[in-house]
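Asks: Between the sequences and the hints, there should be enough to build the whole structure, so can you do that?
Protein chains in written order, with this note's numbering: chain A, 1 to 242; chain B, 1 to 242.
Hints in this document: simulated from the structure, not taken from any laboratory. Some hints could be false.
As the list makes no split between identical chains, a pair holds if one copy fits it or if it spans any two.
What the hints assert, rightly or not - The calculated SDA-like cross-link candidates involving lysine to any residue, where the alpha carbons are at most 25 Å apart (straight line), are:
id, residue 1, residue 2
1, Lys142, Ser78
2, Lys215, Arg119
3, Lys20, Ala238
4, Lys142, Leu129
5, Lys40, Leu67
6, Lys40, Pro118
7, Lys142, Gln82
8, Lys40, Arg242
9, Lys215, Gln127
10, Lys142, Phe89
11, Lys20, Asp107
12, Lys215, Gln34
13, Lys142, Glu56
14, Lys40, Phe15
15, Lys142, Leu98
16, Lys40, Arg156
17, Lys40, Gly241
18, Lys142, Thr110
Protein chains: 2
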Amino acid sequence: MTIHQKVAQSEIPLFCQGCKVRVEGICGALNPSQLTALSKQSHRRIIDAGTELIGERQVSHTISTVLYGVVRLTKTLSDGRQQIVGLQFAPDFVGQPLAAESSLSADAATEILICSFPRSVVERLAQDLPDVGRRFLSQALKELDQARDWMVTLGRRTALEKVASFLLLITRNMNRSGGEHVGELRFELPLTRCDIADFLGLTNETVSRQLTRLKSEGAIRIENSRHIIVDDLPRLEAQAGR
Amino acid sequence: MTIHQKVAQSEIPLFCQGCKVRVEGICGALNPSQLTALSKQSHRRIIDAGTELIGERQVSHTISTVLYGVVRLTKTLSDGRQQIVGLQFAPDFVGQPLAAESSLSADAATEILICSFPRSVVERLAQDLPDVGRRFLSQALKELDQARDWMVTLGRRTALEKVASFLLLITRNMNRSGGEHVGELRFELPLTRCDIADFLGLTNETVSRQLTRLKSEGAIRIENSRHIIVDDLPRLEAQAGR
DNA sequence: CGATAGTTTGACACAGCTCAATAGGCGTGG
DNA sequence: CCACGCCTATTGAGCTGTGTCAAACTATCG
Numbered sequence: 001m002t003i004h005q006k007v008a009q010s011e012i013p014l015f016c017q018g019c020k021v022r023v024e025g026i027c028g029a030l031n032p033s034q035l036t037a038l039s040k041q042s043h044r045r046i047i048d049a050g051t052e053l054i055g056e057r058q059v060s061h062t063i064s065t066v067l068y069g070v071v072r073l074t075k076t077l078s079d080g081r082q083q084i085v086g087l088q089f090a091p092d093f094v095g096q097p098l099a100a101e102s103s104l105s106a107d108a109a110t111e112i113l114i115c116s117f118p119r120s121v122v123e124r125l126a127q128d129l130p131d132v133g134r135r136f137l138s139q140a141l142k143e144l145d146q147a148r149d150w151m152v153t154l155g156r157r158t159a160l161e162k163v164a165s166f167l168l169l170i171t172r173n174m175n176r177s178g179g180e181h182v183g184e185l186r187f188e189l190p191l192t193r194c195d196i197a198d199f200l201g202l203t204n205e206t207v208s209r210q211l212t213r214l215k216s217e218g219a220i221r222i223e224n225s226r227h228i229i230v231d232d233l234p235r236l237e238a239q240a241g242r
Numbered sequence: 001m002t003i004h005q006k007v008a009q010s011e012i013p014l015f016c017q018g019c020k021v022r023v024e025g026i027c028g029a030l031n032p033s034q035l036t037a038l039s040k041q042s043h044r045r046i047i048d049a050g051t052e053l054i055g056e057r058q059v060s061h062t063i064s065t066v067l068y069g070v071v072r073l074t075k076t077l078s079d080g081r082q083q084i085v086g087l088q089f090a091p092d093f094v095g096q097p098l099a100a101e102s103s104l105s106a107d108a109a110t111e112i113l114i115c116s117f118p119r120s121v122v123e124r125l126a127q128d129l130p131d132v133g134r135r136f137l138s139q140a141l142k143e144l145d146q147a148r149d150w151m152v153t154l155g156r157r158t159a160l161e162k163v164a165s166f167l168l169l170i171t172r173n174m175n176r177s178g179g180e181h182v183g184e185l186r187f188e189l190p191l192t193r194c195d196i197a198d199f200l201g202l203t204n205e206t207v208s209r210q211l212t213r214l215k216s217e218g219a220i221r222i223e224n225s226r227h228i229i230v231d232d233l234p235r236l237e238a239q240a241g242r
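Replies: Dropping the structure here:
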């Protein structure tokens with residue numbers, strides 16, 4: 001590490017040092033002094049799995065960056081039918097940049113660590129710094145693309161293909177750190193069978209059946225029902241229905 | 001009309017006068033001189049139904065505003081299964097503001113009138129004028145919200161509810177001008193039965209059956225198979241499954 | 001060690017798909 | 001003006017994938 005880098009790092013607020021998503025997330029668009037200003041208005045906290053962050057049709061005055069864990073975005077029909085419309089992993093953010101009122105509810109799917117800012121502060125930043133605004137637009141477009149990809153899965157894939165696609169999605173997002181993985185891939189599912197069903201537009205029974213089918217065909221192994229090992233990634237990809 | 005308004009209008013480039021979507025669309029964020037500059041780089045054209053505007057995985061250097069008609073955004077799996085992931089009505093725009101390469105294909109569902117700008121010009125505008133950037137973000141968030149609403153429909157509604165929801169969507173977007181409509185609502189469907197099926201994750205046969213079911217239950221009338229009359233809006237809304 | 005929540009498995013029903021035949025709308029050409 | 005052909009929509013009959021309901025199994029925690 002050069003002296004210059006040391007100085008640059010020392011300017012980063014203590015609060016943000018060691019934050020794994022600082023570079024990728026919204027904060028990546030800020031210089032050290034802006035980061036210091038923002039860090040004074042933000043606070044970080046651990047939240048239990050199952051806790052609701054924002055309710056449907058509820059006004060929220062904070063925007064949060066996910067540092068660890070998975071947040072589940074759901075929509076619910078009046079008769080109780082539910083659909084998960086998005087999963088937020090680090091370094092995604094939760095909360096709407098323009099509208100205060102949410103049209104969906106956000107829950108902690110797993111235990112999560114988030115860093116929250118007042119909406120007003122973030123909006124001022126977005127107004128003053130084009131780079132911040134562009135990051136918001138960029139995340140919105142990324143989420144839009146993901147949502148549309150998922151629409152194809154919901155509308156046109158079979159149950160087996162849906163479950164395989166879901167496992168691939170999780171594989172990609174839970175193992176983001178390491179780069180290329182050769183051989184076996186293993187991870188903890190961040191969702192219950194019911195959640196997976198709500199994400200895929202299926203029932204938990206069907207999800208369970210398709211998982212055992214993938215297991216019996218040798219693509220995956222299941223331990224503890226939450227812990228999955230992908231033995232044959234190409235086969236799983238084929239079963240997802242390119 | 002006051003004198004001031006007359007002067008203001010006279011400053012608007014001839015090209016843009018009479019453009020119905022000028023205020024709502026992206027152009028609404030521009031003052032007359034900016035509008036004049038942009039209008040010199042834009043051109044308007046009528047495009048036949050069925051014409052492809054942007055292909056999947058294709059680079060596009062223009063961004064267009066829809067002035068009239070309906071544009072269909074689709075994703076296709078390698079085996080030919082198709083899903084319509086969005087419909088663009090006036091004054092929505094077509095084309096990605098940040099990425100050049102599209103992850104979906106855009107077709108004219110009906111005959112359309114669009115106004116196209118070079119991507120580079122629009123991006124410079126977005127960079128220089130916070131308002132333009134905010135309009136892009138705002139449309140992206142609107143589309144994200146629509147996509148997520150549609151995910152609920154795809155994943156959790158029955159065929160009847162899907163078709164009813166589709167008719168409501170069209171009703172809202174084809175009759176946007178008039179405000180409150182009492183009594184009968186009538187419109188031309190911008191999509192064939194196959195397109196509707198691709199939008200709803202169904203087959204054309206199922207779409208057809210559910211339409212006749214809605215007809216026989218008295219919610220709608222069908223003339224010419226494209227021309228629909230909504231007799232009982234509340235019933236249609238009930239059948240969409242709030 | 002029992003209680004509770006989540007998961008798997010089975011048997012059966014039915015919504016929606018597939019395949020196939022018929023009907024309707026519209027343009028072209030005789 | 002009617003006849004023909006093409007394309008789209010409708011209707012029918014049977015099949016299948018996924019949902020429903022119910023029971024057995026597993027893990028976790030007090």
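Asks: Which numbered conditions among the earlier hints are violated in the structure presented, ordered from lowest to highest?
Replies: 2, 3, 8, 9, 12, 16 and 17
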